[in-house]
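A.B. asks: Single-letter residue listing:
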Amino acid sequence: AQTVTQSQPEMSVQEAETVTLSCTYDTSENNYYLFWYKQPPSRQMILVIRQEAYKQQNATENRFSVNFQKAAKSFSLKISDSQLGDTAMYFCAFMKGVGTASKLTFGTGTRLQVTL
Amino acid sequence: GAVVSQHPSWVICKSGTSVKIECRSLDFQATTMFWYRQFPKQSLMLMATSNEGSKATYEQGVEKDKFLINHASLTLSTLTVTSAHPEDSSFYICSARVGLAGRIYNEQFFGPGTRLTVL
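Line by line, the protein sequences give chains A and B. Note that the first sequence ends on residue 193 in the numbering used here; no numbers are left out. Note that the second sequence ends on residue 120 in the numbering used here; no numbers are left out.
Keep in mind the hints are simulated off the structure, nothing from the lab. A couple of the hints might just be wrong.
[Unchecked claim] Calculated cross-link-like contacts (lysine to any residue; reagent style SDA-like; alpha-carbon spacing at most 20 angstroms): (1) A:Lys-173 x A:Thr-80; (2) A:Lys-180 x B:Ile-13; (3) A:Lys-180 x B:Val-99; (4) A:Lys-180 x B:Asn-52; (5) B:Lys-42 x A:Lys-147; (6) A:Lys-180 x B:Ser-55; (7) B:Lys-67 x B:Pro-87; (8) B:Lys-42 x A:Gln-190; (9) B:Lys-42 x B:Phe-92; (10) A:Lys-173 x B:Glu-108; (11) B:Lys-42 x A:Ser-99; (12) A:Lys-180 x B:Glu-108; (13) B:Lys-42 x A:Pro-117; (14) A:Lys-147 x A:Tyr-110; (15) A:Lys-180 x B:Pro-87; (16) B:Lys-42 x A:Asp-163; (17) B:Lys-67 x B:Lys-42; (18) B:Lys-42 x A:Arg-120; (19) B:Lys-42 x A:Val-191; (20) B:Lys-42 x A:Lys-173; (21) B:Lys-42 x A:Pro-86; (22) A:Lys-180 x B:Arg-25; (23) A:Lys-180 x B:Gly-62; (24) B:Lys-67 x B:Thr-81; (25) A:Lys-173 x B:Ser-44; (26) A:Lys-180 x B:Gln-43; (27) A:Lys-180 x B:Gly-17; (28) A:Lys-180 x B:Leu-47; (29) B:Lys-65 x B:Ser-16; (30) A:Lys-180 x B:Ser-16.
[To be verified] Computed from the model, here is a short list of chain A residues facing chain B with C-beta under 7 angstroms: (31) Gln-128; (32) Lys-132; (33) Phe-183.
Small disclaimer: the values here were computed from a predicted structure and weren't measured. Beta carbons are placed, not taken as given, at the ideal position from N, Cα and C, and that holds for glycine.
Sequences are here, hints too, so could you generate the full structure?
C.D. replies: In structure tokens form, the structure reads like this:
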């Protein structure tokens, strides 16, 4: 079974600064996907960024980027120019393969607080 | 973007009664829907996976007779909590996946969640 570990229960960053959230995972699969989801106080899950394991290039979405280290099974999220609206729970998630049988496995989450 | 709705957004019921939560994909057809449970300050725990027209597949430890899931159409799945008790109080989130032929990756979209409180 796959496991996803987020070792930082809480993080704090000042507005406009950069913060990195850590995520490691354990799998024997070679074909998989990794995700970062954001859950703001509204509790609506929002996809922040995804990475296909077969791609060596790190995914980037505006202020959000990942550092994907496949051999180390590490998938960290970097948020640049942090904004107050980035305050939320962030979940790292893993999904193996494709098809109807594939499903998301979530980490325990990191609560990020952006301060003035 | 694809939208998933849930109804109701919150519900309070008495112990022993049953509660039905609806999950709808509003602008796409979802071949697969997922039901999650989230306790305060915790992660999402997958309860079951349902494919349209098929019986749901429950995760280990989830009572299928207590949490009845029906996925009768490509746009609607329901979760019924039968004989609810206070320990069933939680935040329930559904998710729907687009299944498009030829796509490598099928994106999953989440509903806004339903807060269930059992008195």
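A.B. asks: For each hint, tell me whether it holds in the structure or not.
C.D. replies: A quick look at each hint next to the structure:
{"no.": "1", "hint": "A:Lys-173 x A:Thr-80", "verdict": "holds (11 angstroms)"}
{"no.": "2", "hint": "A:Lys-180 x B:Ile-13", "verdict": "violated (30 angstroms)"}
{"no.": "3", "hint": "A:Lys-180 x B:Val-99", "verdict": "holds (13 angstroms)"}
{"no.": "4", "hint": "A:Lys-180 x B:Asn-52", "verdict": "holds (12 angstroms)"}
{"no.": "5", "hint": "B:Lys-42 x A:Lys-147", "verdict": "violated (29 angstroms)"}
{"no.": "6", "hint": "A:Lys-180 x B:Ser-55", "verdict": "holds (17 angstroms)"}
{"no.": "7", "hint": "B:Lys-67 x B:Pro-87", "verdict": "holds (13 angstroms)"}
{"no.": "8", "hint": "B:Lys-42 x A:Gln-190", "verdict": "holds (14 angstroms)"}
{"no.": "9", "hint": "B:Lys-42 x B:Phe-92", "verdict": "holds (11 angstroms)"}
{"no.": "10", "hint": "A:Lys-173 x B:Glu-108", "verdict": "holds (13 angstroms)"}
{"no.": "11", "hint": "B:Lys-42 x A:Ser-99", "verdict": "holds (18 angstroms)"}
{"no.": "12", "hint": "A:Lys-180 x B:Glu-108", "verdict": "holds (11 angstroms)"}
{"no.": "13", "hint": "B:Lys-42 x A:Pro-117", "verdict": "holds (12 angstroms)"}
{"no.": "14", "hint": "A:Lys-147 x A:Tyr-110", "verdict": "holds (11 angstroms)"}
{"no.": "15", "hint": "A:Lys-180 x B:Pro-87", "verdict": "violated (29 angstroms)"}
{"no.": "16", "hint": "B:Lys-42 x A:Asp-163", "verdict": "holds (17 angstroms)"}
{"no.": "17", "hint": "B:Lys-67 x B:Lys-42", "verdict": "violated (24 angstroms)"}
{"no.": "18", "hint": "B:Lys-42 x A:Arg-120", "verdict": "holds (11 angstroms)"}
{"no.": "19", "hint": "B:Lys-42 x A:Val-191", "verdict": "holds (18 angstroms)"}
{"no.": "20", "hint": "B:Lys-42 x A:Lys-173", "verdict": "violated (26 angstroms)"}
{"no.": "21", "hint": "B:Lys-42 x A:Pro-86", "verdict": "holds (10 angstroms)"}
{"no.": "22", "hint": "A:Lys-180 x B:Arg-25", "verdict": "holds (19 angstroms)"}
{"no.": "23", "hint": "A:Lys-180 x B:Gly-62", "verdict": "holds (17 angstroms)"}
{"no.": "24", "hint": "B:Lys-67 x B:Thr-81", "verdict": "holds (8 angstroms)"}
{"no.": "25", "hint": "A:Lys-173 x B:Ser-44", "verdict": "holds (19 angstroms)"}
{"no.": "26", "hint": "A:Lys-180 x B:Gln-43", "verdict": "holds (19 angstroms)"}
{"no.": "27", "hint": "A:Lys-180 x B:Gly-17", "verdict": "violated (32 angstroms)"}
{"no.": "28", "hint": "A:Lys-180 x B:Leu-47", "verdict": "holds (9 angstroms)"}
{"no.": "29", "hint": "B:Lys-65 x B:Ser-16", "verdict": "holds (19 angstroms)"}
{"no.": "30", "hint": "A:Lys-180 x B:Ser-16", "verdict": "violated (32 angstroms)"}
{"no.": "31", "hint": "Gln-128", "verdict": "violated (11 angstroms)"}
{"no.": "32", "hint": "Lys-132", "verdict": "violated (11 angstroms)"}
{"no.": "33", "hint": "Phe-183", "verdict": "holds (5 angstroms)"}
Of the numbered hints given earlier, the model fails hints 2, 5, 15, 17, 20, 27, 30, 31, 32; all others are met.
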